[in-house]
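Quick mapping for you: the protein sequence lines, in order, are chains A and B.
Using UniProt numbering, read the first sequence as starting at 1 and increasing by one per residue.
Using UniProt numbering, read the second sequence as starting at 1 and increasing by one per residue.
Possibly wrong hints are sitting among the right ones.
[Stated by the list, open to error] Chain A side only, calculated, beta carbon under 8 Å to chain B, not exhaustive:
(1) Val60
(2) Pro98
(3) Gly101
(4) Asn102
(5) Val177
(6) Lys180
(7) Ser250
(8) Gly251
[Stated by the list, open to error] Covered stretches of chain B (chain A as the covering partner; in silico rule of three or more C-beta atoms under 8 Å from a C-beta of chain A):
(9) 51 to 60
(10) 439 to 452
(11) 473 to 485
(12) 578 to 589
Since the hints were derived computationally from the structure, they do not count as laboratory data.
A virtual CB, placed ideally from N, CA and C, is assigned to each residue, including glycine.
The primary structure of each chain is shown beneath.
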Amino acid sequence: MRKSIILAAALAAFTGTAQAQEFPPGPVDYVIPFGPGGESDVTARMQQPYFKALYDEELVVSYKPGGGGAVGWSQLNSMAADGSVIMGVNLPHIIVQPEQGNVGFTTDDIASVYWFHYTPDAIVVREDSPFQTLDDLIAAARETPRQVTFAGSGKGSANHLVQVKFDQLAGVETTYVAFKGTGAAVTAMLGGQVAAEWGYTTVGVGQEGKARLLAVATEERHPAFPDVPTFRELGYDIVSGAYRGIAVPSGASEETRQQVSDAIAAINRDEEFRQKMIDGGYALVDVPYGPEMDAFMAERSEEYIAAAKSAGVLN
Amino acid sequence: MLDYLIAAMSPLNILLALLGVAAGTIIGSIPGLTATMAVAVLVPVTFAMSPDSALILLGAIYTGAIYGGAYAAILLNTPGTPSAIGTTFDGYPMAKKGDGDLAVSVACLSSLVGGMVGALALLLLAPPLAEAALAFGPVEYFWLAVFGLSLIAALSTGDFLKGLIGAGLGILIAMIGISETSAEVRFTFGSNTLLGGIETVSALIGLYCVPVLMELVARPERHLEQPEQSRGFRLPEAVAIMLREKVNLLRSSVIGTLVGALPGAGGSIAGLVAYSEARRTGRGEPAYGQGNPGGIVATESANNATVGGGFIPTLVLGIPGTPPDAVILGALLVQGVRTGPTLFSEGSSIVYTFIFGLFLATLLMLPVGLLIGRFAYRAIVQAPKAGLVPVVAFMTVIGSFAIRNSLADVGVMVVLGMIGWLATRRGFSVSPIVLGLILGRIAEEAFVQSWTIGDAMGNVAGQFFGRPLSMVIIALTLLSFIYPFMPRIRQIVTRQTPLEIAERVTASPAAIARDLVGIGVMAAVAATALVQSASLNPEAAVFPRTIAIAMLVFCALAALNAVVTRHVVEDRSDGSTPRRLAVPVAMAVGVMLVPVLGFACAGIVMGLALMVCAEHERRSAGSWALLAGGVAAIILAFTLGFREILSVPLPGGRLF
Chain A
1 MRKSIILAAA LAAFTGTAQA QEFPPGPVDY VIPFGPGGES DVTARMQQPY FKALYDEELV
61 VSYKPGGGGA VGWSQLNSMA ADGSVIMGVN LPHIIVQPEQ GNVGFTTDDI ASVYWFHYTP
121 DAIVVREDSP FQTLDDLIAA ARETPRQVTF AGSGKGSANH LVQVKFDQLA GVETTYVAFK
181 GTGAAVTAML GGQVAAEWGY TTVGVGQEGK ARLLAVATEE RHPAFPDVPT FRELGYDIVS
241 GAYRGIAVPS GASEETRQQV SDAIAAINRD EEFRQKMIDG GYALVDVPYG PEMDAFMAER
301 SEEYIAAAKS AGVLN
Chain B
1 MLDYLIAAMS PLNILLALLG VAAGTIIGSI PGLTATMAVA VLVPVTFAMS PDSALILLGA
61 IYTGAIYGGA YAAILLNTPG TPSAIGTTFD GYPMAKKGDG DLAVSVACLS SLVGGMVGAL
121 ALLLLAPPLA EAALAFGPVE YFWLAVFGLS LIAALSTGDF LKGLIGAGLG ILIAMIGISE
181 TSAEVRFTFG SNTLLGGIET VSALIGLYCV PVLMELVARP ERHLEQPEQS RGFRLPEAVA
241 IMLREKVNLL RSSVIGTLVG ALPGAGGSIA GLVAYSEARR TGRGEPAYGQ GNPGGIVATE
301 SANNATVGGG FIPTLVLGIP GTPPDAVILG ALLVQGVRTG PTLFSEGSSI VYTFIFGLFL
361 ATLLMLPVGL LIGRFAYRAI VQAPKAGLVP VVAFMTVIGS FAIRNSLADV GVMVVLGMIG
421 WLATRRGFSV SPIVLGLILG RIAEEAFVQS WTIGDAMGNV AGQFFGRPLS MVIIALTLLS
481 FIYPFMPRIR QIVTRQTPLE IAERVTASPA AIARDLVGIG VMAAVAATAL VQSASLNPEA
541 AVFPRTIAIA MLVFCALAAL NAVVTRHVVE DRSDGSTPRR LAVPVAMAVG VMLVPVLGFA
601 CAGIVMGLAL MVCAEHERRS AGSWALLAGG VAAIILAFTL GFREILSVPL PGGRLF
């Protein structure tokens with residue numbers, strides 16, 4: 001790898017293009033701050049072949065798990081800033097975690113350059129659940145406050161924050177039970193340990209025939225679930241989920257940031273990639289580097305921090 | 001069905017299964033390289049293959065890695081993967097007695113049977129078992145973790161109170177870092193290093209392996225006795241043991257399959273539960289924990305049964321049963337294979353080809369495992385101490401780095417190793433600490449979840465004690481806790497005068513003082529945790545607070561016990577203390593040099609220092625040079641292999 005960097009630098013010096021940085025400078029390290037097998041890993045793996053097709057360089061996925069992502073993010077800015085290292089970033093994690101205490105990074109430390117998709121929040125119930133519609137669930141929650149239990153992945157997470165927001169908007173009180181990871185939350189829902197799950201559309205894809213979605217938090221109906229209403233249709237203004245994007249070390253030049261952003265955007269434009277993601281239950285978004293990114297982060301921060309405060313995970 | 005069998009037996013698939021098992025066995029035998037990592041490394045390779053070949057390769061690696069964990073457990077007292085913890089309990093004592101080769105063969109045969117039972121269950125019973133696994137809720141997971149902890153009673157050598165205190169310490173160590181299920185940063189003392197928590201596998205390596213290395217260098221005698229002549233695989237003896245332990249073998253394989261099918265339990269718990277049951281019902285000499293092959297049979301058959309068992313929820317429910325399954329599931333999703341209920345019902349050919357491939361891989365494990373096992377045994381028995389110590393030490397360093405690509409984890413490993421050694425000296429055995437570390441996290445999560453659900457329903461007691469399945473586990477737990485005390489209870493019931501007390505040696509005042517210091521340190525740790533948890537949110541605080549209070553009570557009882565009975569359990573084996581201390585010091589210096597010199601060079605510096613510490617005889621200059629060259633070459637080869645083949649980003653530093 002080092003050899004190819006030297007080679008590229010030498011080549012650039014030779015041809016007189018040294019002032020314009022080449023992207024990619026060689027194989028690109030794509031660090032996932034979680035263990036393998038989760039959604040962050042799966043979607044990174046989906047991007048891999050398209051990156052290779054675009055640039056004829058490898059996108060090498062590696063893992064730096066720990067602390068719900070904090071271990072990786074706290075080390076991001078000490079990594080190579082020439083575009084040879086990119087890292088996966090997640091919302092609400094990078095906004096909520098630094099508010100909880102010293103986690104080794106602040107939201108502003110992370111140079112996010114693109115948000116490329118999100119897993120939309122959804123209420124998932126077992127196929128044989130008595131709740132046929134969202135209204136059924138709300139009626140039950142009114143009748144027996146707190147006794148409608150939701151499984152979800154993590155505290156202060158996308159699942160938890162949307163549960164708090166939904167309770168406020170619907171004027172009900174439900175109980176949120178935090179599990180470690182979506183897999184464990186799905187297990188609890190399928191096993192009837194809880195009444196429902198705050199999960200993602202991806203759960204609906206994976207559990208087809210075993211579980212149903214009552215509503216999804218997208219702007220428009222998700223193509224994989226044409227029959228499931230959105231929360232907006234039902235009168236609750238909720239568009240949310242777990243967003244995933246790409247960040248570079250803060251030492252990266254404006255040019256590198258833009259180049260990485262353009263690369264991810266180009267992958268997101270590929271029709272085949274889009275179809276694969278949609279079939280998997282993901283929803284694509286395009287928030288590129290620049291003013292759009294700043295506006296998006298400001299809007300999300302405000303919403304997540306308010307929700308986290310009413311959820312009791314922030315003081 | 002037959003065409004799937006034929007599809008699985010294509011020459012390419014047989015070759016892949018063979019390569020996979022061999023690679024997995026070698027990777028699994030290195031402490032720190034877990035089955036999860038072995039599978040994750042190979043995932044990109046499989047993208048170029050057809051889905052069924054990819055699955056066969058990944059399944060074969062997984063199977064091999066779980067078995068390979070047994071070598072280090074038996075020969076070095078260090079579980080190569082967490083699922084081999086139970087193998088150390090009897091495997092290492094067997095090796096110490098000169099039966100290491102037999103132990104390796106027993107482990108291989110047990111893994112074969114366990115793997116077969118697991119694969120058979122996957123073939124025939126997958127959908128109903130997946131349904132059954134869903135009946136396991138948070139409460140059941142909580143009690144299952146407690147059941148695992150009940151092994152403390154059996155594992156705390158001679159001092160039950162110290163075992164309980166050690167388990168408390170392990171649980172508190174597990175609480176360090178960001179808690180994902182209660183959104184709190186706990187017990188990090190402001191350190192960023194501790195944010196991600198203590199990595200279980202690197203902690204395991206430190207606690208088990210560093211004390212072994214320290215004891216190795218302290219005395220001149222050989223690590224393991226060398227047999228006078230080559231004895232082959234000792235297969236007839238191993239088969240005889242299998243036949244004698246057939247009930248144990250089948251029971252443990254079934255336990256492994258069932259626990260493997262529980263998402264959220266995993267291989268380490270399966271092995272521990274099977275060991276616990278084997279020990280409770282086991283007869284015969286020597287006792288469990290002192291080299292009874294039944295302990296190896298139980299753990300190794302159970303952990304290989306989790307491979308097939310773990311695929312049950314993975315393939316039927318789309319929920320990974322064990323951590324390596326999560327990786328395989330992710331690879332399948334990328335390949336466009338939809339797991340989940342439809343996969344089995346549509347009779348997809350991939351599933352059956354894969355299951356037959358798993359059978360194939362398990363069968364191939366017999367020749368491959370025996371051959372590699374014999375090589376590992378010979379290498380470790382014949383290696384001179386001054387070569388063995390630096391190489392093993394480097395393996396622990398590189399292994400604990402590779403889990404999260406973190407140098408801090410290596411530092412934590414060395415520190416915990418030191419703590420483990422000090423604790424052992426003071427009579428706190430390492431195994432209860434490890435049990436607490438592994439089971440503490442599961443117990444806490446499940447406890448808070450059960451409590452939240454019970455509270456919402458207004459019936460906390462009913463939630464914890466009222467569910468039929470949990471009642472069964474509670475009953476088994478009580479049995480397991482009480483069983484080690486049965487002889488004494490019988491004595492009391494029949495009003496015999498207990499004999500052992502008369503034989504006890506009264507400890508000297510100095511020994512009692514030493515004991516009180518050890519207990520005092522433990523109490524101080526508990527008190528610190530208690531004070532710190534005052535500032536946490538209730539969900540994050542309830543478990544560590546309960547454990548800390550319990551620990552304080554046990555410390556008080558232990559102190560009282562030491563003063564009143566004047567009976568002290570401690571380890572005062574002889575040997576050179578400076579040499580012992582040189583081990584963690586050399587390792588710590590090595591770790592500190594990594595960013596400067598690079599991984600390989602720092603490793604060589606550490607290795608050469610350890611080589612000098614471990615040598616008790618005089619050597620000629622030529623023989624020193626030869627040894628040093630060998631150690632350096634192995635370290636270099638490991639570094640290159642990790643960098644180039646496993647693509648672990650080992651820091652390069654200034655040199656290499």
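Status of each hint after checking the structure:
For Val60(A), the interface hint holds, the least distance from its beta-carbon to any beta-carbon of chain B being 7 Å, beneath 8 Å. Restraint check, Pro98(A) versus chain B: the minimum CB separation of about 11 Å is more than 8 Å; hint violated. The interface hint given for Gly101(A) holds, since its Cβ lies 4 Å from the closest Cβ of chain B, which is under the 8 Å cut-off. Against a cut-off of 8 Å between C-beta atoms, the interface hint on Asn102(A) holds, since the closest Cβ of chain B lies about 7 Å away.
A cut of 8 Å between beta carbons decides the hint on Val177(A): the least distance to chain B is about 5 Å, and the hint holds. This hint holds: Lys180(A) has a C-beta 6 Å from the nearest C-beta of chain B, less than the 8 Å allowed. Using the Cβ-Cβ criterion of 8 Å, the hint placing Ser250(A) at the interface with chain B is not satisfied: the shortest such distance is roughly 17 Å. Hint status for Gly251(A) relative to chain B: violated, with the closest Cβ pair at about 18 Å, above 8 Å.
Only residues whose C-beta sits within less than 8 Å of a C-beta in chain A count toward coverage, and the region 51 to 60 of chain B has 0 of them, not enough to reach three; the restraint is violated. Proximity of the region 439 to 452 of chain B to chain A, defined as three or more residues with a beta carbon under 8 Å from a beta carbon of that chain, is established by the 4 residues found. Requiring three or more residues with a Cβ within less than 8 Å of a Cβ of chain A, the coverage given for the region 473 to 485 of chain B is violated, as only 0 such residues are present. With 0 residues having a Cβ less than 8 Å from any Cβ of chain A, the region 578 to 589 of chain B misses the three-residue criterion, and the hint is violated.
In this structure, the hints that do not hold are numbers 2, 7, 8, 9, 11 and 12, in rising order.
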